[in-house]
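Here's the letter readout for the chains.
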Amino acid sequence: MKRVKAEILSVRKLGGYQSLTLVSPEIAERARPGQFLAVAMPDDRRFLLRRHFSIHQASRRGGWAGAIEFVFNPSGAGTEWLAEMKAHQFLDVIGPLGKAFAYPQRLNRCLLVSEGYGASSIYFLAQELRARGKRVDMIVGAESEQFVLKPIEGKRLSQTIEIVTADGSIGRRGAVADALAPVAEACGAQVVYAAGPRRMLRAVAEFCMERQIPSQIVVEEQMACGLGLCFTCVVPVIRKDGSGYDNLRACTDGPVFNPARVLWDRWMGSEPTMLPTPPEGFPVVRSWPG
Amino acid sequence: MAGVKGSLAVDLNGVGFPLPVLAASGCFGTGRELAGLAGLHRLGGIVTRSLTYNATKGSPTPRVAESPSGIVSSVGIQNPGVRGFIAEELPRLQRIGLPVLVSVAGSSLEEYIRVTRALEGHPGIVALEVYLSCADDERDGMPFYSRIDRIAEVVGAVSRLSRFPVFVKLPALLPSLLETARACVRAGAHGLTLIDAVPGMVIDVGKLRPRLGSATGGLSGPAIRPIAVGAVFEVASALRDVPIMGVGGIATGEDAVEFLLAGAWAVQVGTAMLVNPSAPAEIVQGILRYLKTKGLGSPADLRGRLRLIRSPGEAAP
Chain A
-3 MKRVKAEILS VRKLGGYQSL TLVSPEIAER ARPGQFLAVA MPDDRRFLLR
47 RHFSIHQASR RGGWAGAIEF VFNPSGAGTE WLAEMKAHQF LDVIGPLGKA
97 FAYPQRLNRC LLVSEGYGAS SIYFLAQELR ARGKRVDMIV GAESEQFVLK
147 PIEGKRLSQT IEIVTADGSI GRRGAVADAL APVAEACGAQ VVYAAGPRRM
197 LRAVAEFCME RQIPSQIVVE EQMACGLGLC FTCVVPVIRK DGSGYDNLRA
247 CTDGPVFNPA RVLWDRWMGS EPTMLPTPPE GFPVVRSWPG
Chain B
3 MAGVKGSLAV DLNGVGFPLP VLAASGCFGT GRELAGLAGL HRLGGIVTRS
53 LTYNATKGSP TPRVAESPSG IVSSVGIQNP GVRGFIAEEL PRLQRIGLPV
103 LVSVAGSSLE EYIRVTRALE GHPGIVALEV YLSCADDERD GMPFYSRIDR
153 IAEVVGAVSR LSRFPVFVKL PALLPSLLET ARACVRAGAH GLTLIDAVPG
203 MVIDVGKLRP RLGSATGGLS GPAIRPIAVG AVFEVASALR DVPIMGVGGI
253 ATGEDAVEFL LAGAWAVQVG TAMLVNPSAP AEIVQGILRY LKTKGLGSPA
303 DLRGRLRLIR SPGEAAP
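Sequences listed follow chains A and B, in order.
Oh and the first sequence: position 151 is 147 in our numbering, straight run, nothing missing.
Oh and the second sequence: position 118 is 120 in our numbering, straight run, nothing missing.
Simulated from the structure, these hints should not be mistaken for lab results.
Be aware that one or more of the hints could be misleading.
[Said to hold, decoys possible] Label-pair restraints from in silico Cβ distances: (1) A:Gly170 with B:Ala89: 18 to 28 Å; (2) B:Ser280 with A:Glu139: 53 to 63 Å; (3) A:Arg128 with B:Pro201: 21 to 31 Å; (4) B:Pro201 with A:Glu80: 26 to 36 Å; (5) A:Thr156 with B:His124: 33 to 43 Å; (6) B:Pro201 with A:Ala73: 15 to 25 Å; (7) A:Arg195 with B:Ser280: 36 to 46 Å; (8) B:Arg165 with A:Lys82: 38 to 48 Å; (9) A:Gly170 with B:Asp206: 20 to 30 Å; (10) B:Ile311 with A:Arg195: 25 to 35 Å; (11) B:Thr218 with A:Thr156: 24 to 34 Å.
Just so it is clear, CB atoms sit at the ideal spot from N, CA and C, and this is done for glycine as well.
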């Protein structure tokens, strides 16, 4: 984890998203898929908290060595300010933060599922998995065509890709959850990775638990510091021995979690007072990787 | 550098800090998160997150929402319980080598007493800070701070039981802050921490929902600084011998100087640390620069130096 003043190398519009590429060899060297950056907001203290973004790309070699890219959807005060930034301006960035995805050792066929800008960390992961000789298949979901992140890049990174949009403007019309079973069967998925909104993650978790497929998810939780100081970004995670659950910080204990150990009912928060503590305890979950 | 540190040391009637800037409660994690990032030696001390007797899971998420120049948050005192803290976190904090103040919480008088007892005699702890914003189970869930007699009861019990000096963290918006502060001192408090987060709420009008999982939370950050400075001034002007730690929206050296001029003996930094982990070090530098330009030797020299506007004809002291 390093704190740097990083120069903006380029600003690009990618459909509904905005992409920023920064120069930071210190961060690029260490960055792994699943990890994130904490970007400071302007000094005028109108809005205070750093914004947190998955790392989309970190170049360690070649002409772009030391460059690091993240993608965001300009939809709030902080991200709109970021979208106005120009090349050669500087950002105060801390990173890389959080735990990265684990790579399977024996298993070979990986299914990568993403929705919205969840694709941002998934593409980085696809690259690293392929570099390790793994087969990568993808499901990429979004609201509409403009929110499908770099579809051509997605095709290049995967053996097969299934694009699913809510309005059918590109790929198949429908939900990511509906594409899971057919795609997983077609590609013979042995490992599943997922990134995106909670409801989609839960569908992936249930699918993988039912079929006993080892999986990892990266969560998008609202964070204040991203450094493990404040305990605001917690996810309820069942203990390894099944004796209960702990609220773990998405920033330092995650953002990558084993979905089989997430206490979904509690995390989805429909009943915030509900405290399920079954008398027989929680099921003991096999730890990663399968 | 040693000389510089020496000149910035503060003494709160026997509780000494090498620097006048401490990490506020709930903003320092568990002691290992900032390894390698912040200049930890540039802190005067650490106030731990608030501890209850048994482990507490905390509030539902989301736990934080932004507001203009502030954040509204509700962590719901998630903590490993006082025994878990002593086993795991205290040794790590001790290794950092800074004075540790332990924040004590509870949902009943008995719980405050049990937490205080459990902490007795542990090396590395220099003082306790009593946190009074938890719901009081014996008073229908009203916060402890809502009644002076209840505050006095809790503070009295903790101060009598503990050999550590006890600071009391008070919110600013009380019917009479000064009366409450006096009651704390009478009950045995060594000093005060002013102020606690201001109760608040942010609503997502699009979804017709509160932005926090627990609906309401505490506002902190620069938005509450004037409230905090005012509270420190009110209490410090009346209780000149009672050490006060000022806290609320401090992010720069100048912010800290405001508190010291208002009468604080030291300051704590919370929200700013979440954004900029080296904020305390920068604030210390800022205080040092200010003292130099004013030709003063120590942060204590700022106390009572505030020039108040007098009505014409009134004699200068």
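Of all the hints numbered above, which does this structure not satisfy? Sort the numbers upward.
1, 2, 3, 5, 8, 10, 11
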